[in-house]
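> What follows is each chain in one-letter form.
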Amino acid sequence: MWQRFTLYDLRVVGHYLGTLILFFAVLMLVPFGTALVFQEWEPAARYLVSIGIAIIIGAGLRFLRIEPGRLSRRQALTVTGFAWVVLGLIASIPLFFSGHYATYLDAVFDGVSGLTTTGASVIVDLDHLSYADNMFRFAMHMLGGLGLIVVALSFGLFGRGGGASLFSSEGRSEHVVPNVVQTTQFIARITLIIVSVATVIIMGLCLLLGMEPARAFLNALWVSTSGFVTGGFAPMQLSIMYYHSFPLECILMVLMLLGSVSFVLYAEVWKGNVAAFFRDLETKTMVLWLVVMAFVFTATLASWPLFSDMLAILRRGLFTIISVSTTTGFQVITTNQITTAFSNGAFLTLAFIMAVGGSSGSTSGGIKFSRMGIIFKSIVANVKEALAPDSARVVVSYSHLGRRTLTPNIVKEAMTVFILYVITYVVGALVGIAHGGEAIPAIFESVAMTSNGGITTSLAQPGMPATLELFYILQMWAGRLEFVTLLALIVEVGASLVPRVKPRLNP
Amino acid sequence: MARKRPDIKPASPAAAFALMLLSIVSFIIALWTLMALTRILLGG
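Here the protein sequences come in this chain order: R and Y. Take the position in the first sequence, starting the count at 1, then add 14; the result is the number in my numbering. Take the position in the second sequence, starting the count at 1, then add 11; the result is the number in my numbering.
Note that these hints are calculated values from the structure, not bench results. Treat the numbers as computed from the prediction; the structure is a model and nothing was measured. No residue lacks a Cβ here, since even glycine has one placed at the ideal position from N, Cα and C. A hint or two may mislead.
Claimed, not checked - On the chain Y side, residues computed to face chain R include the following (Cβ under 7 Å): (1) P24; (2) L33; (3) I40; (4) L45; (5) M46; (6) G54.
Claimed, not checked - If you anchor each label on the Cβ, the simulated ranges turn out as follows: (7) R:V512 - Y:A29: 22 to 32 Å; (8) R:R418 - Y:P24: 40 to 50 Å; (9) R:F169 - Y:I51: 18 to 28 Å.
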């Protein structure tokens with residue numbers, strides 16, 4: 015029987031959501047500060063008002079006082095599930111009033127896209143967006159990439175209440191170090207180091223390209239953040255094409271691949287155990303998958319007259335493959351080129367690459383290499399069992415933080431999430447087709463939303479139909495939470511709304 | 012009998028990161044090579 019929410023559950027959920035909203039108000043000080051530094055008074059006023067609204071809502075929810083104690087798994091799932099949308103709604107306030115969005119729903123779309131690191135944007139006239147608004151978009155990427163709960167836990171916002179429950183409810187089950195708070199702090203530290211180093215290098219490149227120092231610094235910071243957290247927002251409408259810089263594209267390719275590596279493996283490398291990185295199932299699956307898909311992608315384009323130039327395939331092609339594989343969504347080819355200059359085969363290949371995504375425990379989205387690797391291993395196990403004598407016991411193992419044996423439970427879990435992703439990809443494509451989209455762009459866009467890849471072609475446009483936009487928001491949300499949290503949330507809310515049936519008393 | 016793995020001494024974090032970074036750069040170059048060969052072999 016499904017459990018219903020009690021009033022106390024709602025108070026606990028409200029209390030924790032209030033904490034997160036207050037934290038988000040603190041985050042909005044970053045764009046507010048940027049506005050003050052660059053003397054952008056209109057954005058400054060907008061962020062000040064948004065901070066005020068967030069403080070009122072957050073503090074109001076915090077007043078739902080609760081008994082100190084452990085947060086149950088059910089309550090943690092609800093807090094995490096709602097957090098992504100509630101914060102998306104708060105984020106949409108300053109975005110909408112910037113005047114760069116056709117509808118309010120477009121601003122919500124960008125808010126959720128920023129937080130879930132999807133990177134799809136329906137903003138209008140991005141090139142003239144203020145520094146403050148751009149800073150806010152990338153701050154959302156940073157927060158969402160690390161994980162709302164991870165960041166909140168690393169600041170100790172939830173006290174000793176329910177760290178472990180909250181941590182695992184955000185799709186992270188592997189602890190880098192035994193303690194949850196230390197784990198989250200390690201993730202934040204690694205991100206900070208890599209983003210800082212990348213910012214310095216890219217800033218140097220931007221200065222060489224002729225940018226003024228402040229602009230070079232901001233562009234470097236934003237692109238580095240977006241690249242490492244595999245977000246995909248770019249400060250300019252032309253995405254990475256704007257910079258016309260091959261060295262920058264090379265640095266971003268490395269950065270995106272670093273972002274798609276599991277933080278658990280970073281911890282092993284940090285300890286000096288670099289062999290763990292090379293032996294890991296995810297690393298091996300990634301190498302195999304990208305080699306096969308790079309071959310297929312090139313083969314489909316090789317005989318295609320519109321995009322068969324060797325340099326174009328090597329420079330633009332590989333960057334695009336890495337961008338979609340890590341679910342970043344940076345572009346070095348225009349949206350028009352993807353739909354017209356690419357063959358249908360290449361277009362669909364990119365959708366397949368994006369559907370699988372990066373590593374679990376990283377900032378990438380998609381089905382994940384670990385699940386693909388486990389499913390592949392399970393096929394190997396089935397073949398081995400078929401060939402082995404009746405008396406033999408087949409054991410298949412794989413390397414992921416040491417040697418692990420493949421068990422039916424591990425396979426079942428991987429298959430469940432795999433099937434949920436595929437169903438969502440298909441349903442999203444059907445929704446796109448129902449809204450008048452062509453089949454292949456509809457498939458591509460559905461995959462881009464669910465895997466948090468974020469490259470859009472023709473369907474996700476400013477002022478798109480509200481039903482399609484709402485469905486894409488749902489897909490981004492579901493993909494970021496890897497379904498289980500969202501499904502649990504839907505079931506719990508549904509069960510709570512069904513009226514109680516009074517037991518009949520026999521006369 | 013299980014194969015005995017040689018004991019590998021842990022490297023310093025910097026060296027380990029450098030090795031990881033180097034392997035990623037090598038992987039990108041390998042993908043470029045693969046794509047170039049594919050284009051040469053299959054290109055019309």
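> Against the structure, test the hints numbered earlier, and report the numbers of the ones violated in rising order.
Violated: hints 2, 3, 7, 8 and 9.
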